[in-house]
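K.L.:
Listed below are the residues making up each chain.
Protein chains: 2
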Amino acid sequence: MKNYRMLEPLDIKITGGILGEKRRLVSEVTIPYIGRALCDEVPGIRKSGSVENFRIASGELRKEFHGLVSQDSDLFKWMEAASLALAEKKERNFPEGMEAAELEELAALLEKCQMKDGYLNTYYIINGLKGKWSYLKESCQLYCAGHLLEAAVTNYEVTGERSLLEIAMGYADCIDKAFGAEEGKIHGYDGHAEIELALYRLYEATGIEKYRNLANFFVEERGKQPYFFALEKGNEGVTGNLVYELRENDFHHSQSHLPVREQKEAVGHAVKAAYFYTAVADKARLCRDEKLYEAVERLWEDVTEKKMFLTGAIGSSEYGESFTYAYDLPGDLMYGETCAAIGLFLWGYHMLRMDTDRKYSDVMERTFFNGILGGISEDGKKFFYTNALEIDPERCKKRKDYGHLEIERQSWFDCPCCPPNIARLILSFNRYMYTASIRELNIHLFAPSTADIEGWHVEQYTEYPTEGKIMLVVERKGEGKGQLRIRIPGWCESFLVKVNGEKAKGILEKGYLLLEEDFGCKKTIELELDIPLKKVYANDKVKSLAGKAAVMRGPLVYCLEQADNGELFHLFFKEDGKLEMGKTGTVLAEGYRMDGPDTGLYAYQKPHYRTENIKLMPYYRWNNRGAGQMRVFLGERKR
Amino acid sequence: MKNYRMLEPLDIKITGGILGEKRRLVSEVTIPYIGRALCDEVPGIRKSGSVENFRIASGELRKEFHGLVSQDSDLFKWMEAASLALAEKKERNFPEGMEAAELEELAALLEKCQMKDGYLNTYYIINGLKGKWSYLKESCQLYCAGHLLEAAVTNYEVTGERSLLEIAMGYADCIDKAFGAEEGKIHGYDGHAEIELALYRLYEATGIEKYRNLANFFVEERGKQPYFFALEKGNEGVTGNLVYELRENDFHHSQSHLPVREQKEAVGHAVKAAYFYTAVADKARLCRDEKLYEAVERLWEDVTEKKMFLTGAIGSSEYGESFTYAYDLPGDLMYGETCAAIGLFLWGYHMLRMDTDRKYSDVMERTFFNGILGGISEDGKKFFYTNALEIDPERCKKRKDYGHLEIERQSWFDCPCCPPNIARLILSFNRYMYTASIRELNIHLFAPSTADIEGWHVEQYTEYPTEGKIMLVVERKGEGKGQLRIRIPGWCESFLVKVNGEKAKGILEKGYLLLEEDFGCKKTIELELDIPLKKVYANDKVKSLAGKAAVMRGPLVYCLEQADNGELFHLFFKEDGKLEMGKTGTVLAEGYRMDGPDTGLYAYQKPHYRTENIKLMPYYRWNNRGAGQMRVFLGERKR
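Those sequence lines, one after another, are chains A and B.
FYI, the numbering for the first sequence is 0 to 638, going by numbering that gives the first Met the number 0.
FYI, the numbering for the second sequence is 0 to 638, going by numbering that gives the first Met the number 0.
Since copy identity is lost for identical chains, a pair holds within one copy or between any two.
Using 20 Å as the maximum straight-line C-alpha spacing, the simulated PhoX-like pairs for lysine-lysine come out as follows:
(1) K533 x K605
(2) K637 x K573
(3) K605 x K542
(4) K637 x K605
(5) K399 x K542
(6) K397 x K305
(7) K290 x K358
(8) K396 x K540
(9) K534 x K605
(10) K397 x K540
(11) K637 x K577
(12) K605 x K573
(13) K1 x K358
(14) K542 x K397
(15) K305 x K605
(16) K396 x K542
(17) K358 x K263
(18) K480 x K504
(19) K605 x K577
(20) K111 x K131
(21) K540 x K605
(22) K305 x K396
(23) K263 x K397
(24) K12 x K521
Calculated directly from the structure, the hints in this document are not laboratory data.
Generate the whole structure from the sequences, applying the supplied hints.
P.N.:
Spelled out as structure tokens, the structure:
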């Protein structure tokens with residue numbers, strides 16, 4: 000089992016391409032936008048109250064807490080993302096925006112709010128500390144804390160400043176005093192996993208072992224009998240501020256129905272699951288625990304081979320924002336929260352830190368270019384919370400059971416977890432591209448970039464995923480052969496590789512092309528992936544997709560929009576029909592349009608089908624032209 | 000506008016066929032079964048408490064009210080059905096069961112419960128009369144009263160006994176004192192329409208005009224502004240016993256958003272809608288109000304041309320058990336309450352009383368042989384509350400949004416409205432077969448039977464709907480030509496008719512074959528309807544059915560069951576494929592089974608299709624062999 004470190008934001012510079020564009024958009028537009036939204040300064044959107052809550056908690060303002068118990072986490076996620084934006088701007092030598100000053104001010108505000116014992120949660124500071132550590136099932140206290148820890152670590156990595164880190168460590172110490180296996184401590188955990196992975200990050204950033212030990216405790220404690228959530232005191236008066244309140248005995252929802260080692264399939268809230276399993280992976284890695292790795296690998300396979308939508312979205316049901324059962328993947332009625340796709344991406348990355356296996360990085364790529372990127376608008380100011388594979392606006396507006404699906408990206412949400420989360424994910428994409436040690440460099444994701452890591456210098460020149468050509472310049476400090484592993488995506492059926500202009504062979508190892516060379520002198524590697532434009536079919540166990548096909552090109556899922564094709568529910572792909580690239584990244588597919596019957600509600604009269612070219616565009620670019628129908632899968636017809 | 004009287008239960012005898020069988024089953028098995036269930040004497044099923052509540056209200060027992068506020072209506076519907084069972088047994092010269100004695104005992108019990116002022120509702124008698132006439136939006140007081148009135152009228156028609164009728168009239172008088180346009184009376188109406196149509200029945204049975212006038216008031220008052228439900232006192236402490244509690248301002252749910260004359264489309268709870276529109280039809284007829292007829296005709300067309308499932312089921316959404324919007328007919332996620340199909344049938348009949356138009360009777364036939372008959376098991380003791388066109392047991396068990404769909408017929412329900420309702424509908428089928436006046440006999444529904452009505456004697460000999468041959472013997476008392484109208488079903492594309500062995504012509508009038516003859520001497524009419532076995536397609540505006548077909552033969556909708564075909568979600572009909580009759584009423588269709596891909600969750604590999612014969616059976620006969628998948632519509636493939 001490997002134990003690759005997580006790269007730091009400044010280790011890798013993205014130098015262009017889709018990633019460059021998106022990161023720049025997020026850095027220049029989305030970060031300021033969300034920052035203002037959290038300060039309630041964007042006219043016409045719902046109040047966040049996030050910064051205001053801290054001003055109330057600090058004593059600056061006398062008002063009531065506003066929003067959900069999870070509200071602090073939105074600001075913390077923004078602080079992490081804003082720190083990453085500082086790094087992104089440094090990469091481009093772009094002048095700093097307001098973020099640096101805002102982050103310092105916020106750190107000062109947080110310091111003012113923090114209790115002497117380190118506790119820092121505005122809901123309970125404002126509403127009375129008697130609720131502190133109560134109703135962990137739904138109160139999100141440790142969840143919020145986790146995001147503070149993550150923000151602090153990232154901020155420290157980018158700025159070298161310790162002020163936020165000290166606050167976070169103070170809070171982590173407070174949590175460590177309250178929770179643990181020792182007598183007198185709370186033998187519990189949070190309903191929404193997050194603190195676990197955050198404590199591992201804090202441990203890896205600081206080397207302080209008690210943070211790792213506390214995370215270990217949380218990971219192993221969840222699911223033990225008698226159930227902590229059945230024992231702890233129930234909800235007392237925070238009803239209006241809760242994100243959730245499911246049945247008291249729904250332990251599956253928070254993955255606390257079984258110790259994780261005994262869990263054989265992913266259940267419950269998809270975000271909670273992904274965050275928890277990420278921490279489980281960290282524990283397996285840090286403790287070199289093969290059994291635990293097997294458990295979390297089994298859960299990974301359950302999710303990605305049975306419960307993942309084509310776009311990498313997860314969460315088949317609005318009820319509990321949750322997984323349902325194997326192969327239940329109804330693209331119209333699904334949930335597919337943006338945060339869940341982000342969680343899946345992160346989980347995959349933390350698996351890669353142990354094992355360079357394409358089964359992790361392929362999913363990261365799939366979910367990034369579809370389920371995640373689709374969550375943000377081209378103007379950087381609107382967001383999807385849910386990400387369905389089929390939208391009929393009329394149905395979503397008029398049917399209660401489809402009412403959870405947004406027809407258009409939204410400027411803000413009552414529970415605004417997704418906007419800052421997608422911002423920080425896009426801005427941290429670079430750190431997930433590689434894992435490395437002195438002898439090994441593993442390339443997981445492709446984007447034009449330069450990096451200096453563990454003695455390796457690597458440059459990527461590519462238009463990926465628009466093109467399959469990737470030129471790498473690789474050099475390593477140190478003697479002897481180094482191992483370079485380059486992911487050959489699972490969708491790629493053939494590829495060519497040259498090293499310094501010479502055709503090379505290499506071997507495939509868990510989907511990675513392994514090149515063993517003396518990289519002491521710079522090598523130029525030209526990789527040409529065949530990036531096919533093809534129809535994709537779901538496993539026949541996915542009942543809702545029987546007889547249907549979707550179009551993909553490389554990692555990109557395509558979709559139809561009403562703006563291009565009119566009424567979408569009358570369209571079918573032609574079986575074995577041609578697909579070809581159109582203008583501006585679109586695809587044209589041969590297809591049919593159904594006409595009639597239109598005599599009465601039911602008739603013997605057969606419908607008529609006429610040929611029609613169907614226009615598709617990358618899924619992540621949909622809904623930038625107003626509301627309309629959208630479909631990913633269509634039925635296929637012979638003629 | 001015509002004004003045909005409603006025939007009485009003893010006017011027409013069913014002499015065999017499917018109807019004969021089903022009526023006998025209901026009379027001999029279902030009626031005793033439900034009777035015992037209402038007395039809480041069936042082991043292993045949920046408590047009803049229905050009869051017990053009356054024993055508590057009468058003072059015989061000291062206990063708490065059990066069940067929903069609508070509970071009284073279940074007993075009343077059973078009393079109506081049991082009265083009809085007496086008639087059914089008389090038809091066959093079959094000895095009376097316990098029903099006659101039980102009905103008498105129950106009448107005595109009701110008399111004991113009835114307050115001096117006539118009020119008779121066990122929930123409010125037991126829980127204190129201060130709630131009387133309160134929270135009409137959801138308290139079901141007038142709804143329950145309506146079913147008492149209906150039971151009493153039917154009981155009187157069958158037995159000639161007045162005891163139950165007197166109780167009902169006492170209650171109706173009490174209601175009349177409380178409600179009306181006059182000052183000091185409540186200017187309100189019930190959240191669940193029923194009292195209106197019941198008062199019209201009471202008026203037509205007794206000739207007492209105040210009942211008609213009160214019904215007229217209720218019909219016209221609903222939907223007036225300011226809204227009664229917004230003005231009346233809200234719910235006070237009956238939460239646990241309510242059937243419903245939707246948003247306070249959801250006036251559409253009870254069709255009280257607009258005066259009915261202004262309603263242009265059917266909205267809200269499908270049963271409430273059908274019952275209300277039935278009463279509206281009665282008012283139009285009794286008041287010879289053409290404008291009101293036009294309003295209710297427009298609503299009929301909205302429902303039957305835009306919101307009705309192939310089986311005649313209505314109610315597209317579980318939320319509010321309600322209609323949604325035009326052409327929203329998802330056969331898997333629908334509701335399709337048995338009571339709503341019954342309501343649609345009754346509404347159609349009350350339209351026929353004004354106008355002999357196939358658009359009413361075709362729907363009655365469709366819903367009877369599919370949406371209604373499917374609601375009861377072959378053993379007569381199990382019932383569907385919801386009637387979907389597609390069932391996947393796993394999906395219904397594991398997905399919250401499909402959780403309202405029963406996988407199998409149930410022995411009983413917390414809200415057991417459907418079992419006694421289907422019993423009374425099947426037992427009263429005979430009275431809906433004809434409308435007649437001295438000069439006219441209109442034959443709407445076909446079943447082996449004999450009838451003597453308005454001077455007409457008519458005998459039907461037929462295996463309908465198994466066969467399309469119907470022999471009629473018709474004789475009329477009185478001089479001159481009579482008009483005989485025979486419905487030619489909308490699904491029938493050709494037919495032959497002979498009168499006394501001679502080919503006859505007749506003309507088609509609103510879908511009825513009109514024969515004008517001197518029926519003074521008995522005539523034998525041989526009608527041969529071509530009863531085709533065909534595929535049926537939905538209007539292309541029904542997005543969920545694009546590319547799909549179902550199989551029908553005459554009025555019967557067919558379905559696939561897993562017991563015959565294995566996994567149903569891999570099956571497709573062959574376009575233009577053959578259909579042929581199989582054994583025991585089944586149908587064989589040419590089709591295809593999809594195999595694969597089964598390599599991973601998503602693959603480039605195309606599925607393979609192999610030919611397979613598909614076995615279908617009448618929809619109403621499904622789920623008599625245990626739980627399993629069921630589908631009505633399948634996708635079609637060329638090859």
